[in-house]
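S.K.: Given only the sequences and the hints, what does the whole structure look like? Please build it.
If you read the protein sequences in the order shown, they are chains A and B.
Residue 219, in the working numbering, is where the first sequence stops; the numbers in between run on with no holes.
Residue 219, in the working numbering, is where the second sequence stops; the numbers in between run on with no holes.
Honestly, the hints are just simulated from the structure, not real lab data.
For each residue, glycine too, the CB sits at the ideal point set by N, CA and C.
So the derived list for chain B, only partly shown, Cβ under 10 Å to chain A, looks like this:
no., residue
1, Ala41
2, Ala49
3, Leu67
The calculated BS3-like cross-link candidates involving lysine-lysine, where the alpha carbons are at most 25 Å apart (straight line), are:
no., chain 1, residue 1, chain 2, residue 2
4, A, Lys86, B, Lys59
5, A, Lys76, A, Lys153
6, A, Lys71, B, Lys32
7, B, Lys43, A, Lys59
Derived coverage of chain B by chain A (criterion: at least 3 residues anywhere in the stretch with Cβ under 8 Å from a Cβ of chain A; other residues may be distant):
no., segment
8, 24-33
9, 54-62
10, 106-118
Protein chains: 2
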Amino acid sequence: MEQLPSIKLLLKHLQQVPYLASKNLYRVAIHFLNMDENKIQQFCTALQTAKKNITKCEQCFTWKEKSDKCIYCDSLKREKSVICIVETWQELLAIEKTGGYLGLYHVLGGAICPLDGISAEDLTIEQLVSRVKNFGIKEIILAMNQTPEGEATSNYIANKLKDIDVSISCLAKGVPVGSSLEYMDRVTLYKALSDRRPF
Amino acid sequence: MEQLPSIKLLLKHLQQVPYLASKNLYRVAIHFLNMDENKIQQFCTALQTAKKNITKCEQCFTWKEKSDKCIYCDSLKREKSVICIVETWQELLAIEKTGGYLGLYHVLGGAICPLDGISAEDLTIEQLVSRVKNFGIKEIILAMNQTPEGEATSNYIANKLKDIDVSISCLAKGVPVGSSLEYMDRVTLYKALSDRRPF
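M.R.: Below, the structure is given as structure tokens:
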């Protein structure tokens, strides 16, 4: 395999694709070699078209078609005074799937993590603050991941917004639906106890 | 996501890549969207170059660069009177890694499997027979997978070669190195017992 330069180059590029286990690289390479030249052309065109046509919305930083309006910011059905803040687009999609939220979004692009060299300046926090100031936002929902980095980012944002007249909420912490208490970690269970609700 | 046609098309193409779990498709799509246009170009070029430059050797059916000789068939270091028959290239690579074989190969392109619609005519068995006849081959090693399909293919090939003066061997069946007898299936253990060797 390593003696064939074209395959070696292809493997080098496939290596950079995330979520492709290294033991499967050869198999994927062979899959592509067995494909029609035509199909490969189509695959490449899809890749290049997506790169060319897709950009980030300048307000909420989700992906959008360059020629179209943002499907969240410019939707007529959405409540324009609530912003849900998420780390990345994947979290946004997870929230969208619930069907339980009809406000705006703001994608930070990650969470503050000094160990990985991600500081507040690398995220879209500044743009968020000016959005809250200028667009009459009434509520902010912090929907960061429940990780130390997510918590730190939540605190940072809450601190940045403290002088602005906006209510800030965060997702409820507790026992996930469908799970057994026996297998729950103690911090979650403690949270679920202390945040208990009338039945 | 589904509302953005360029991303939808990209996802459709990514879906066809094997060994890419469907839960990771979005993440891979976003990885590509975050890449430089330049890098995407390089990725596509690598894919197209590999497809353009790589072909199958007309003798042994392994992959080779179109402009080069086959690294197995045309190697001066290899014993030209022994052929090891494998189902696909992955098995060939596994055998190469052992460093214990220095003969020729023959890649069948799969195993006979009527349920999947793969018959003997779909494999390179005919070419193998004429190779054995015309190139003075003295030994054939059947290195098919130890599956019902592999066994059936071995039997079919042995039958096809029965009138030709060539010795046919197959891989030893037994207990894998490093494993406990306790966890071995009974057919393997039976084989290991009946094929026992002087210590």
